[in-house]
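Order-wise, the sequence lines are chains V and W.
Taken in order, the first sequence gives residues 0 to 114; the numbers are from numbering that gives the first Met the number 0.
Taken in order, the second sequence gives residues 0 to 114; the numbers are from numbering that gives the first Met the number 0.
Just so you know, these hints were derived from the structure itself, not from any lab.
Just so it is clear, the structure is predicted and the values come from calculations on it, not from any experiment.
Check the hints yourself; a few may be wrong.
[Stated by the list, open to error] A short, non-exhaustive set of chain V residues, derived as facing chain W with CB atoms under 8 Å:
{"hint": "1", "residue": "I3"}
{"hint": "2", "residue": "E11"}
{"hint": "3", "residue": "F17"}
{"hint": "4", "residue": "N22"}
{"hint": "5", "residue": "P23"}
{"hint": "6", "residue": "P81"}
{"hint": "7", "residue": "C96"}
{"hint": "8", "residue": "P97"}
Here a beta-carbon is modelled for each residue, glycine too, at the ideal position from N, C-alpha and C.
2 protein chains.
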Amino acid sequence: MKTIENLTREEERAAEVFRALGNPARLRIVTELARRNVCITGDLVNALPLAQSTVSQHLKVLKEAGIVQGSIEGDQCYCLAPDVLRWLAAFCTELCCPAEAGDTPGCGPASRRPG
Amino acid sequence: MKTIENLTREEERAAEVFRALGNPARLRIVTELARRNVCITGDLVNALPLAQSTVSQHLKVLKEAGIVQGSIEGDQCYCLAPDVLRWLAAFCTELCCPAEAGDTPGCGPASRRPG
DNA sequence: GGCTCGTATCGTAAAATTACGATACAATGA
DNA sequence: TCATTGTATCGTAATTTTACGATACGAGCC
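Sequences are here, hints too, so could you generate the full structure?
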């Protein structure tokens, strides 16, 4: 994939997190963690129709994206990182509802900005 | 990619939208649309260091995910679909801050659920 | 020491994504 | 009618992702 160099740091980070969440198995892991608060790998392997090694790899991706974190027990007890999803929610809200802009969003020939 | 069959419809939809946003070029398109409100394809081609055909393909992905929509002028004038990002923000918030649950999230040996 | 159990990592095959040039196609204007 | 312009689609090569089995590795127990 070609690197898009004029991304802001925020956009770059958001793309990374979006990508990690954009896989059904990984999203399932995240919802499972949200439901249970804390899981060991085995819990997640049981919850998914995938091989243990595959689940472990997905966990690694989620960990690298900062979405889940291991406990102090040596990476065998996972939970959601509390801030990332909150930040992502704010990012999405900012995109669709820019607080400052008074423009009413919407398509159509008349709504094209003059600039 | 293997299909995870026990995803809820909401999770499936979220994964689709996350995946579409999880590419730097596409996220750039979305932020550009958020900034300008409305763009024709050429505007986006100019904003990105990619070939016209590539940008067009990314637009198609975003359109199929329901994130952008074409205007009535025959798909040549794009804007953000107003509801999807709002919905996605709500989805993320629900994941990290489940309103009902009184449990305090967090890792550690003591917080493992008894079940 | 030698088991078993749970998990991470390695190597690899299949599938999907990404980007590009070439081309098609509709609208516009000479 | 014929060229031009803007955009979508096609075909394809390179890269990345996904999933699996095999294997390594540490902890706990005999």
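**Study point:** Numbers of the earlier hints that this structure fails to satisfy, in rising order
**Key:** none
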